[in-house]
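Asks: Line by line, the protein sequences are chains A and B. For the record, in the first sequence the residue sitting at position 63 is 63 according to my numbering, with numbers rising by one throughout. For the record, in the second sequence the residue sitting at position 104 is 104 according to my numbering, with numbers rising by one throughout.
If you are wondering where the hints come from, they were derived from the structure by calculation, not from laboratory data. Any given hint could turn out to be false.
[Unchecked claim] On the chain B side, residues computed to face chain A include the following (Cβ under 8 Å):
no.	residue
1	L18
2	S39
3	E41
4	N50
5	P95
6	W97
7	H142
8	D143
Using N, Cα and C, we set each Cβ at its ideal position, and we do this for glycine too.
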Amino acid sequence: MFKKKMLLKLMCVAAALFCVYGVAQQQKSGHGWGLNFQNHRFQSNDKSFLSSTNVDRLKLKWVYALGTQEPRSYPLVLDDRLFIGDGNALTALDLESGKQLWSFDTESPVSTAISHANIDGEDRLFFSARGNGVYSISADESKEIWFSPAGRKSTATYSGSPLVVGDQIFAPVASSEIGLAMIPFYGCCKDSGALVALDIRTGETNWHLNTITEPAKKVGYGFLLIRRFAPSGAPVWGAPTYDSKRKLVYFGTGQNYSLPASATSDAIFAVEESTGEIRWVTQFTEGDAYNLACNLSPSHWNCPDPPGPDVDFGAPPILHETRDGNEILLAGQKSGDLHAIDPDDGSVLWTKKLGRGGLLGGVHHGMALNPVHNLIYVPIFDIYTDPKTGALPPNGGLHAVDIDTGEVAWSATYDTGCEERNCWPGISVSPIANESIVVVGTINGDLLIYDTVTGELLWSYYTRKSFSTVEENVRANGGSFDVHGALLYEDKLIVTSGYQNFGQIGGNALLVFAIDDE
Amino acid sequence: MSEFVLATHGRRLFAALLDFVLVIVGLIVVLATTRLLESSEPWTNDLSFNVRIFAAGALTYLILNGLLLIYRGQTIGKFVLGIRIVITGTDRRPPIWVLVVRSLFIPPVFVAIMFNDWGGTVFIVAFVWYGTILLKHRKCLHDYLVRTDVIGHVNTKGSSTQPV
């Protein structure tokens with residue numbers, strides 16, 4: 001009897017130690033885009049002190065002028081330093097003063113969030129540069145540790161943020177053939193997206209999974225004798241999500257670039273962490289083939305006929321559980337749909353239509369989840385884009401959805417004063433939340449903070465203006481909020497204002513707000 | 001005794017413009033049939049792109065003007081405008097190697113400059129290269145390099161002007 005009790009105690013201690021190890025595994029690395037493996041984009045109270053009761057004291061603390069009007073990097077705070085991609089460089093700034101500490105040059109624009117891990121006693125940063133691959137650099141010395149083209153094909157584009165899990169980095173890969181298709185002499189299209197697992201210490205490829213395994217074959221001719229190929233596309237635009245219980249990595253894909261389409265476009269994948277073997281794939285939109293040649297003309301030789309709706313999964317999936325303990329994978333699509341998926345087998349639990357969708361419609365870049373209230377915050381952009389826009393009325397704004405029921409708890413739309421392209425009121429940027437506030441921004445440059453439970457607008461700040469910066473005689477201009485969005489850290493809110501891709505308003509302002517104690 | 005009348009600026013200009021349009025149209029057809037730009041490689045590798053464009057440009061030029069150059073020292077544009085390339089000081093067609101260097105080397109260089117979007121460089125280079133035609137001898141830089149002229153007609157002493 002005594003031995004049984006002792007054994008039971010030992011087993012409990014072992015289980016506790018295992019849990020601590022699992023938590024420590026997470027804590028010794030910073031989780032890039034999603035702030036944790038599950039991509040919640042949620043800061044707990046020990047990491048963010050902003051709340052609905054003090055947000056009115058939020059004041060602009062300092063501004064740094066980035067070197068690009070199209071900043072596309074998500075910052076990382078490590079100790080007293082702030083790291084951010086700045087055009088073809090990764091820059092380290094002093095968190096309190098904004099003074100530049102060092103800058104590391106890359107061959108192409110830094111386009112992702114930055115992850116951190118402590119390897120053999122050294123703090124290392126991991127990120128992707130859009131045109132060439134994944135970097136690992138020292139956080140202290142601005143020194144390259146390794147660079148990996150991640151199995152690069154010449155058309156590879158690195159847009160999704162890599163995810164650090166233990167000794168591996170999962171790097172999403174998209175394809176620039178979406179744009180090459182505009183060239184009439186180009187044989188569209190052959191390449192597929194991919195997820196690549198790299199060794200965290202060396203950058204060596206552990207495994208490489210193409211989203212389309214079937215090789216592309218000739219399917220016809222375009223301009224004169226220029227051939228057309230398929231299947232192609234299914235790029236991976238967003239950060240992957242890690243399931244530590246099932247040892248799976250989840251990620252979403254975009255549309256095909258040519259017809260006939262594959263079964264893996266506009267889909268959510270679940271793959272084995274250690275091998276990349278596919279556990280399940282669930283496709284949500286069949287036959288979606290689209291590329292930028294269709295923007296030039298639907299009759300372009302390289303535009304698929306018929307052209308698809310271009311309803312990618314650009315937002316990373318979010319893993320959580322319902323109030324009764326059932327795990328759920330939530331995926332937002334550019335179609336305007338929010339899907340709830342069973343992570344065991346990929347079956348669809350429910351789908352909620354939140355927006356009309358389109359080329360730039362629906363859920364564009366990301367969502368955030370509040371595990372305290374079991375609400376997911378879904379930004380809907382729904383801007384009109386010719387020729388592909390959903391048939392329903394636009395529903396741009398931020399929508400809070402109960403993940404147990406799929407019902408909308410609240411919706412908020414900010415009146416930007418106009419509905420032209422450069423001040424459309426829909427939300428394209430990824431939100432971030434803590435227990436009481438959720439932060440988004442508009443294309444018009446309005447930075448907005450809502451109450452997480454009621455959707456009440458608590459605070460706003462207009463950023464489409466000129467700012468003085470930490471550097472003497474250097475000014476920065478604000479613009480649209482898009483892509484990655486804000487970071488909440490302790491008493492601060494850190495965000496870049498400006499993004500001039502797809503007709504938005506450019507800007508180069510890195511804004512750091514803090515609670516004004518006075 | 002023969003007197004070689006240099007081609008007028010106007011004829012050279014219009015001949016060049018006609019040749020330019022024809023080469024562009026021909027280049028499009030050549031690129032679409034040879035598939036030199038079909039793969040992703042030239043669109044992601046500058047050297048590969050320039051080599052392929054050069055090759056396509058040269059092939060187009062040869063297809064359009066090869067025979068006329070060999071037999072008459074003319075491009076299509078020069079044929080239409082009644083002017084031809086000769087060895088300086090004579091009315092003789094230059095050796096084929098001279099025509100090759102003169103015709104194939106220079107135009108693709110300009111095409112490569114334009115496709116590489118080197119900004120105003122192409123205009124500066126064009127001004128330097130062709131601006132010398134405004135001088136007394138009406139020679140472009142390539143005419144100086146390979147010792148050629150472009151003539152309109154030949155005056156033979158004691159007889160009426162004979163068109164070329």
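Asks: Of the hints stated earlier, which fail here?
Replies: Going through the list in order, the structure violates hints 1, 4, 5, 6, 7, 8 and respects the others.
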